[in-house]
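Undergrad: The chain contents come next:
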Amino acid sequence: MTGPQPVEKLEVVSGARAETAPLIKAGDSHISDGFFHLAVLSCGVCVLALVGVIVYELITKSSLSWHAFGWKFFFRSEWDPVNEQFGAWPFVYGTLVSSLLALVLAVPLAVGVAVFITEMCPRRLKGVLAFTTELLAAIPSVIYGLWAIFVMVPLLREYVEPLLARYLGWTGLFEGTPYGIGMLAAGIILAIMVVPIVSSITREVMTAVPQQQREAVLALGATRWEMIRTGVLRNARAGILGGVILGLGRALGETMAVTMVIGNRPEIARSLFAPGYTMASVIANEFSEATSDTYLSALVEVGLALFLVTIVVNILAQLLVWSVTRGMPARSHA
Amino acid sequence: MPNPPAQTGQFAIAPISLRRRGMNGFVTLAAGAAVVLVLLPLGAIFAYLIYKGVGAINWAFLTQTPKPVGEAGGGMANAIAGSGYILAIASTMGVPIGIGAGIYLAEYGRNRFGDLIRFTADVLNGVPSIVVGIVAYGIVVLGQGHFSALAGGVALAIMMIPTITRTTEEMLLLVPNAVKEAAYGLGVSRWRTTLSITLRTATSGVITGVMLAFARVAGETAPLLFTAFGNQYWNWKMNQPTAALSLQIFTYAISPFDEWHRQAWAGALILIVLIVASVSAVRIAASRGMLKGAN
Chain A
1 MTGPQPVEKL
11 EVVSGARAET
21 APLIKAGDSH
31 ISDGFFHLAV
41 LSCGVCVLAL
51 VGVIVYELIT
61 KSSLSWHAFG
71 WKFFFRSEWD
81 PVNEQFGAWP
91 FVYGTLVSSL
101 LALVLAVPLA
111 VGVAVFITEM
121 CPRRLKGVLA
131 FTTELLAAIP
141 SVIYGLWAIF
151 VMVPLLREYV
161 EPLLARYLGW
171 TGLFEGTPYG
181 IGMLAAGIIL
191 AIMVVPIVSS
201 ITREVMTAVP
211 QQQREAVLAL
221 GATRWEMIRT
231 GVLRNARAGI
241 LGGVILGLGR
251 ALGETMAVTM
261 VIGNRPEIAR
271 SLFAPGYTMA
281 SVIANEFSEA
291 TSDTYLSALV
301 EVGLALFLVT
311 IVVNILAQLL
321 VWSVTRGMPA
331 RSHA
Chain B
1 MPNPPAQTGQ
11 FAIAPISLRR
21 RGMNGFVTLA
31 AGAAVVLVLL
41 PLGAIFAYLI
51 YKGVGAINWA
61 FLTQTPKPVG
71 EAGGGMANAI
81 AGSGYILAIA
91 STMGVPIGIG
101 AGIYLAEYGR
111 NRFGDLIRFT
121 ADVLNGVPSI
131 VVGIVAYGIV
141 VLGQGHFSAL
151 AGGVALAIMM
161 IPTITRTTEE
171 MLLLVPNAVK
181 EAAYGLGVSR
191 WRTTLSITLR
201 TATSGVITGV
211 MLAFARVAGE
221 TAPLLFTAFG
231 NQYWNWKMNQ
241 PTAALSLQIF
251 TYAISPFDEW
261 HRQAWAGALI
271 LIVLIVASVS
281 AVRIAASRGM
291 LKGAN
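So the sequence lines, in the order shown, correspond to chains A and B. Going by our numbering, the first residue of the first sequence is number 1, and it counts up by one from there. Going by our numbering, the first residue of the second sequence is number 1, and it counts up by one from there.
One should not assume that every hint holds.
So the derived list for chain A, only partly shown, Cβ under 10 Å to chain B, looks like this [said to hold, decoys possible]: (1) T294; (2) Y295; (3) V300.
Quick look at which bits of chain B chain A covers, simulated, 3 or more residues with Cβ under 8 Å [unchecked claim]: (4) 61-74; (5) 86-96; (6) 105-111; (7) 131-141; (8) 148-156; (9) 246-256.
Because the hints were derived from the structure by calculation, they are not lab data. Using N, Cα and C, we set each Cβ at its ideal position, and we do this for glycine too.
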């Protein structure tokens, strides 16, 4: 903030945008103002420091395992706390497979919901539907897990999995005993949890597409679907991809619901009926029981990897969403 | 409805072919079906919570601590109170820091350093909750020597801060400059203007942000697993393990006992009622207009 504004600034200020600096300066209570500045600055620095502390904690606490196993840590499948041999590959594999499965199931649904809400549904229904899908995002993970254990898993075991095994068993993805609990259950519950995020971002970027685009395509004689496809989805695709990646970030770090239905066994199987394990689940299950330093350090290293991957994924997603909504008023999706 | 070729001057507009109309109808149906498919689990979850939960909630559930395995009865009173306790600790730390950082960004943050803080807040927002748990374990639990309510509070506070910071900044920037200039014109100092004029005007918006953050962490389980840890008994000490509703639901859900399953449903119903109530309150506040003084 500079001193008294020169006269040229007057015109800018009369344009009255929120960002422009106030025209008139405050009275000179320098000491209290300085103190106030310092106080809020320290709060801001706190945010910076928190991320610093997170990185520092993760790196120092995982160094033992890092020095013992190096890069091989992520590619070894051995997880043997008794003999202090640790390899995270089964967890990395489980995290990737369950998250990708979730995206495959969730993305078409989420885009469908967004298309319906922004382009098709009557105005009166719009608010209600938007609110209800957002409600899905407000349900705690542990409640999804509870519902999945007692309602979804029995359904999968009795009806869905036998059906999949009979008709799609030849793919090798749906083999073996249908326990209900396993990779498929984890993927489905993750999909349910990811849909609201992906669809809310998709809705936002679709709303950012200028109305003239739609009118222009309609004026050329397009049907509504052709208008949506060429006029809206094509323009919003980078942002939609951003939403999908944001959903991926959420799925990768999701802990409780997955832990409750994935089976928690560090195995790698081709069949989606088989139990698995994810990076977040292994931390949740074993962290408070880790007896040796190396064991604890290995778990922290899994956490560090999870942290780094989700950060990269989230930044990428932010950039993609910005590329579409740039210039639009900011909105938070908490 | 048949669509005959219309004559407009010398141009003939071809009718939309059956294939294109069919495609349009198909996609409309598919999008509608997607909505139904997404709302189905939502409906199912609420239906089951009410169906299973209402029967299991009784006076004992709300007033007693858990009974040992095998004994019927008992409740989650200590867990409900413990959740409130941990959330109170988290809010005491998270809300002032979050609002303070939001004020900094809105008032002094139009520069590189402000952008850095904004970026860091977004990064913090994306950190998986289980990782936050590890860090709170490292800082507080290892420091104190045992699991504690304080550690759980710190973990949840870390998760609240970024949401509060960003919404506070957004809401403060919505306050028109004319309002601030009026205060400056009366000779009011800058900090006074910020606190009693800008923040005052944006109060309901800031509260919305705080409630959003609160609702987000209220049901969190992963960061409490090895911080608050859970407890079968009452505890009001900051440095002792404390029960939490979400932890108790988790423990009971994965247990092999029917009685505990019943109580897990009841606990989940109470948790969701608390969260939905706060989210709906936010929704209503937001729809009434966040800023009373704005043009």
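Undergrad: Look at each hint and say if it fits the structure.
TA: Hints versus structure:
no.: 1; hint: T294; verdict: 16 Å, violated
no.: 2; hint: Y295; verdict: 13 Å, violated
no.: 3; hint: V300; verdict: 6 Å, holds
no.: 4; hint: 61-74; verdict: violated (count 0)
no.: 5; hint: 86-96; verdict: violated (count 1)
no.: 6; hint: 105-111; verdict: holds (count 5)
no.: 7; hint: 131-141; verdict: holds (count 8)
no.: 8; hint: 148-156; verdict: violated (count 0)
no.: 9; hint: 246-256; verdict: holds (count 5)
Of the numbered hints stated above, those contradicted by the structure are hints 1, 2, 4, 5, 8, listed in ascending order.
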